[in-house]
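With the hints as extra help, turn the sequences into a complete structure.
Residue 1006 is where the first sequence starts when you use this note's numbering, and the numbers rise one by one after that.
Worth flagging that the hints you see were computed from the coordinates, not collected in a lab.
Given the structure is predicted, the values throughout are model-derived calculations rather than measurements.
Check each hint, because a few of them may be wrong.
Said to hold, decoys possible - What follows is a list of derived Cβ distance ranges for each label pair:
1) E1063 / Q1110: 29 to 35 Å
2) S1049 / D1103: 27 to 33 Å
3) H1083 / I1047: 18 to 24 Å
4) K1029 / Q1062: 17 to 23 Å
To be verified - Below, computed lysine to any residue pairings styled on SDA-like, alpha-carbon distance capped at 25 Å:
5) K1034 / I1047
6) K1032 / D1103
7) K1032 / D1021
8) K1017 / F1084
9) K1017 / I1118
10) K1029 / S1049
11) K1029 / T1079
12) K1017 / N1073
13) K1111 / T1079
14) K1111 / R1074
15) K1111 / E1063
16) K1034 / L1089
17) K1022 / D1103
Idealized CB from N, CA, C, for every residue including glycine.
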Amino acid sequence: MKRKIQSDRKKKDFFDKVYDLTAKIPKGKVTTYGLIAEACGIRSSARTVGWALNGAQESNLPCHRVVNRNGTLTGRVHFGDPNLMEELLRSEGVEFDDDGNVIMQKHLWIPPILERRKKKQKKSRS
DNA sequence: ATCGTGACTGGGA
DNA sequence: ATCCCAGCCACGA
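Here is the structure:
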């Protein structure tokens, strides 16, 4: 039943979502692989998001705005120059802490689709 | 087809 | 608090 095609199509859809979502990250904001993965329909598999971005390096996508949940610029080594990622973020107004990580609580951006999904979510913890 | 790796994350010791 | 392990998806050898 062309299930194979569906699978392939699904994969493409996933990658497409990752690209689209990454492109929508506001300037001066960052998001995490896990958030993107969840926004794409899968709660886990944040690794696949990184792989998708790996193929998007040559694209115009602001992949430098994607960091891990810890705010670490884990993908900086893939930007050619290890400092390029941080420089780009700094030039956009993103602040870093003493550990060289992005201040997530200040610059973390959550995909609208997820905000829509959480709806009745209780208020943030203190 | 199997095995290992990776731009990750969450949970357990 | 840190360290280790398992799960997850895609891909190259």
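Hints and how they fare:
1. E1063 / Q1110: 29 to 35 Å: holds, 32 Å
2. S1049 / D1103: 27 to 33 Å: holds, 31 Å
3. H1083 / I1047: 18 to 24 Å: 22 Å Cβ-Cβ, so the 18 to 24 Å window holds.
4. K1029 / Q1062: 17 to 23 Å: holds, 18 Å
5. K1034 / I1047: At roughly 22 Å apart (the allowed maximum being 25 Å), I1047 and K1034 satisfy the hint.
6. K1032 / D1103: holds, 22 Å
7. K1032 / D1021: holds, 20 Å
8. K1017 / F1084: holds, 24 Å
9. K1017 / I1118: Since the Cα atoms of K1017 and I1118 sit roughly 19 Å apart, the hinted pair holds (cutoff 25 Å).
10. K1029 / S1049: holds, 21 Å
11. K1029 / T1079: Holds, at roughly 20 Å.
12. K1017 / N1073: holds, 23 Å
13. K1111 / T1079: Distance ~19 Å between K1111 and T1079 Cα, so the pair holds.
14. K1111 / R1074: holds, 13 Å
15. K1111 / E1063: Status violated; Cα separation ~29 Å.
16. K1034 / L1089: holds, 16 Å
17. K1022 / D1103: The given pair, whose Cα atoms are some 33 Å apart, is violated under the 25 Å limit.
The structure does not agree with the numbered hints 15 and 17 stated previously, though it agrees with the rest.
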